[in-house]
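Participant: Here is what each chain is made of, one letter per residue.
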Amino acid sequence: MKRILSLILVLALAATLGITSAFAADEGFVDGKFTETRHITVEIYNRNNDGGTDPTNNVWTEYLKKGMLEKYNVEVEYVSVGRWSETDDIAQLLADHSAPDISYTYGYNTIITYANMKDENGNPGVIDLAPYLEEYKDYIGNIITLLGGEDNLYYDKDPVTGEVWMIEGVRADTSRITTFIRKDWLDKLGLGLPTTEEEFYNALVAFRDNAETLLGENADKMIPYTTSTDIGWRNDLLAVSKVAEDIDDNTLFVYGYDDRHLLYPGYKEGIRVLNKWYNEGLIWKDFGLYNDSTQEDDNMKAGYVGAFMHNWDYPFRNGEDCINLNLQRNVGEDAMFVPIDCFQNDAGITRKFMGAAVGSDRKIFLPSTNTEPLASLLYIDFISSPEVIKYLQTGEEGVNFTMTEDGAYQILPATGDWIKNSGNNIDYTMTCNGLYLGEATGKTTALSYPGIPADIVIQANEYGKNNGRYPAHFNVGTIESETEVGTSLSEKRDEIFTKSVIASVDEFDSVYDSLLDAYMNMGGQDIIDERIEKLQEIYGITYEK
Amino acid sequence: MGTERSDLTSIAPKKTSGINRHMGFSWKTYLKRYWTLYLLLVIPIAFFIIFRYTPMSYILLAFKKNNILIPPWKVEWARNNGFQWFLKAFKDQDFIIALKNTIFLNLLDLVIGMPMPIMMALLLNELAYPKYKRITQTVLYLPHFLSWVIISSITLRLFATNDGIINKLLGTSIPFVGNPNNWRGTYIFLGIWKECGWNTIIYLAALTSISPELYEAAEVDGAGRMRKIWHVTLPGIRSTIIVLLIMNLGHILGSEFDRPFTLSNPQVTEASKTISIYVYEKGINGQQYSLTTAVGLFQSVICVFFLLMSNALAKKFGERGIW
Numbered sequence: 001m002k003r004i005l006s007l008i009l010v011l012a013l014a015a016t017l018g019i020t021s022a023f024a025a026d027e028g029f030v031d032g033k034f035t036e037t038r039h040i041t042v043e044i045y046n047r048n049n050d051g052g053t054d055p056t057n058n059v060w061t062e063y064l065k066k067g068m069l070e071k072y073n074v075e076v077e078y079v080s081v082g083r084w085s086e087t088d089d090i091a092q093l094l095a096d097h098s099a100p101d102i103s104y105t106y107g108y109n110t111i112i113t114y115a116n117m118k119d120e121n122g123n124p125g126v127i128d129l130a131p132y133l134e135e136y137k138d139y140i141g142n143i144i145t146l147l148g149g150e151d152n153l154y155y156d157k158d159p160v161t162g163e164v165w166m167i168e169g170v171r172a173d174t175s176r177i178t179t180f181i182r183k184d185w186l187d188k189l190g191l192g193l194p195t196t197e198e199e200f201y202n203a204l205v206a207f208r209d210n211a212e213t214l215l216g217e218n219a220d221k222m223i224p225y226t227t228s229t230d231i232g233w234r235n236d237l238l239a240v241s242k243v244a245e246d247i248d249d250n251t252l253f254v255y256g257y258d259d260r261h262l263l264y265p266g267y268k269e270g271i272r273v274l275n276k277w278y279n280e281g282l283i284w285k286d287f288g289l290y291n292d293s294t295q296e297d298d299n300m301k302a303g304y305v306g307a308f309m310h311n312w313d314y315p316f317r318n319g320e321d322c323i324n325l326n327l328q329r330n331v332g333e334d335a336m337f338v339p340i341d342c343f344q345n346d347a348g349i350t351r352k353f354m355g356a357a358v359g360s361d362r363k364i365f366l367p368s369t370n371t372e373p374l375a376s377l378l379y380i381d382f383i384s385s386p387e388v389i390k391y392l393q394t395g396e397e398g399v400n401f402t403m404t405e406d407g408a409y410q411i412l413p414a415t416g417d418w419i420k421n422s423g424n425n426i427d428y429t430m431t432c433n434g435l436y437l438g439e440a441t442g443k444t445t446a447l448s449y450p451g452i453p454a455d456i457v458i459q460a461n462e463y464g465k466n467n468g469r470y471p472a473h474f475n476v477g478t479i480e481s482e483t484e485v486g487t488s489l490s491e492k493r494d495e496i497f498t499k500s501v502i503a504s505v506d507e508f509d510s511v512y513d514s515l516l517d518a519y520m521n522m523g524g525q526d527i528i529d530e531r532i533e534k535l536q537e538i539y540g541i542t543y544e545k
Numbered sequence: 001m002g003t004e005r006s007d008l009t010s011i012a013p014k015k016t017s018g019i020n021r022h023m024g025f026s027w028k029t030y031l032k033r034y035w036t037l038y039l040l041l042v043i044p045i046a047f048f049i050i051f052r053y054t055p056m057s058y059i060l061l062a063f064k065k066n067n068i069l070i071p072p073w074k075v076e077w078a079r080n081n082g083f084q085w086f087l088k089a090f091k092d093q094d095f096i097i098a099l100k101n102t103i104f105l106n107l108l109d110l111v112i113g114m115p116m117p118i119m120m121a122l123l124l125n126e127l128a129y130p131k132y133k134r135i136t137q138t139v140l141y142l143p144h145f146l147s148w149v150i151i152s153s154i155t156l157r158l159f160a161t162n163d164g165i166i167n168k169l170l171g172t173s174i175p176f177v178g179n180p181n182n183w184r185g186t187y188i189f190l191g192i193w194k195e196c197g198w199n200t201i202i203y204l205a206a207l208t209s210i211s212p213e214l215y216e217a218a219e220v221d222g223a224g225r226m227r228k229i230w231h232v233t234l235p236g237i238r239s240t241i242i243v244l245l246i247m248n249l250g251h252i253l254g255s256e257f258d259r260p261f262t263l264s265n266p267q268v269t270e271a272s273k274t275i276s277i278y279v280y281e282k283g284i285n286g287q288q289y290s291l292t293t294a295v296g297l298f299q300s301v302i303c304v305f306f307l308l309m310s311n312a313l314a315k316k317f318g319e320r321g322i323w
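For the protein sequence lines, the chains are A and B, in the order given.
Under the working numbering, think of the first position of the first sequence as 1, with each following residue one higher.
Under the working numbering, think of the first position of the second sequence as 1, with each following residue one higher.
No lab work stands behind these hints, which were simulated from the structure alone.
Each residue gets a CB set at the ideal place from its N, CA and C atoms; glycine is no exception.
Computed, partial: chain B to chain A, Cβ under 8 Å:
no., residue
1, N66
2, I68
3, L69
4, D94
5, A160
6, Q267
7, E281
8, G286
Generate the whole structure from the sequences, applying the supplied hints.
Facilitator: Right, dumping it as structure tokens:
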């Protein structure tokens, strides 16, 4: 043990030496500004929206370019990368040595994979930020504040080598998944809003049994409860309510690879409930055949669906085309999905397992072809300042928004150049996902969904995070076995869930267990084992299975 | 091509006769006289070198460490004498499943899918009324121009277990695409539906080259329709069938991406995961470039092997083969 420890120390020392020799302070940077104009390129998602603007050249980029030039004498150029093909696009740009100086992605493993590749000079494919963060700490105060402290700046610091390959973006609103139910149906049947799983189940049964009353000639189209094949997301609240309240952080870490919580002890019981419901005709029969959401959305909009779980704002999204407004047009004024929070765990709490504000959103990295690491850091800091975020999210008063009497931003429909290609301009506020307007945030959120009553929006948002548990962050560096699996394990997970939900009640256990075995053999077990090892190695915690 | 060759034989001998009578023409003479044609050839050759052969240098990645930042020849060799990724693939259960599925689906396609256009071509050939024949042909070609994405969504509308039109009409709930065996059937059926008409073109072309005299002679000998088809038509297109069979065998391990990917759903992944999907999940989504290059190379090598073998077999049985 001692020998290993000393070896690690020596290695760490050697690594730091190597870094310090590669790192040199920028001499052209005097009193917080460059003496000569520097040039950097910045990745920006291209979403190809109908009627959208050129993501690399519009009023928002002009604002950022002007700000950077005035403040730091840095010229910024934007490079667009397809939003839905970002991983492939970045891979090609990296191979071509033309990746933007500042790149961002949702994939932690993507960055780690490139950090493990070496270029011609033997340097990693991604710049180690550690020495820069240290040297220029005084100039990146905005990032540190936004991240909520210096610890989070080093969120991904390798515990052994000390390398920092990326800076985490912040998820300003952590609200996640909420359950929705047709209030008008409940009223018609004389039922109240469900407050427990049992009441929820009874409501579904009532929907099924009263299909004639609720849907008339379309009674055969009745879907009491709907889900997609992404069962882990779409039924999360039910499934994790079977996880014991006293589960400890170590267990959550060891079994925490899957972001749908598949491996959490007790989770299987939640899927068993779904299996029972499916066999009782409470769940959409054909959900397992569809790979996208169009059919399901159509069912909801047409008014055939009684209840579902989804992103907290799912029925409000897309303005006029949102589910609730469609429902009102198709069925009637009082038809509407309202949020409920009814899945309690063994302690009677509607516990939810959340993605932390830091660590579960986009990650920003500098490819090794970047020759302006300091200017890049300054850019990241610039877009993290509250004024810049506020401007990007709200725009000009009178043009993009008006202030309400109680101090909320009423966003006006944007036209022409002022159109935002992404909601709240999140593509430009790289370090911040979600409204970040200080005290005005809550009130503004409630106003962001025209046509939807503010109290319903606030309630849905609240239910999406109340009693939320944020699993502790164990910084163990790279987990080798996780970088190799790609999306194969998440595909397998969806298969486990889908097949075991549609299995007959008798076969549920054998279907679930055999598929889970296959999942473990495909790399799931390696990941668990490596997590246990790392826990021991870095934190000295012996985890007993 | 035809005219070029006749040019050569008619013009060239006149001016160079005597010098090259026994040796044929020297390449210098050709180059001097037809340099413009050779110049024209430079373009396609350059195309192949730049867009086909140069990228092939990345095949080396199959034996190297996973690194796309520098040219593959500069990357370090992978472990196990460079065979690290091949060993890894064959230890991966996922890959074995993909391999089995690829072979199985392609075999089904070959056995069931290949005779279909032949039969269809024979049927079309027997149609007497030309206008009707032309319209039928055009209608049969249409599905070829639909993408698999569109077909897959039509498929769900038609074949969904409970909401699908077919099941509604029959009053049943047959899982056409909801269980692995049925899914395979639907997959093959859709493949035939989409490509069968289009694939008749080549057979129809071959049919026109059969001399009408043979049919007349058969008629004189008292042959009926079926006899004529069996003894005249089929032998007439035999070499075309063999060539297509060889080409299809060459694809036995090749795999399309769109077809299994769009038609698949989580209930049938054990039947629908093919090598192309494996490569997509691990290579594109997981950045395992070396691993997936190795898989691709393995695929190509097997395909070439099958191609050579079937060609040799065809030649052995007296056919011309494909080269």
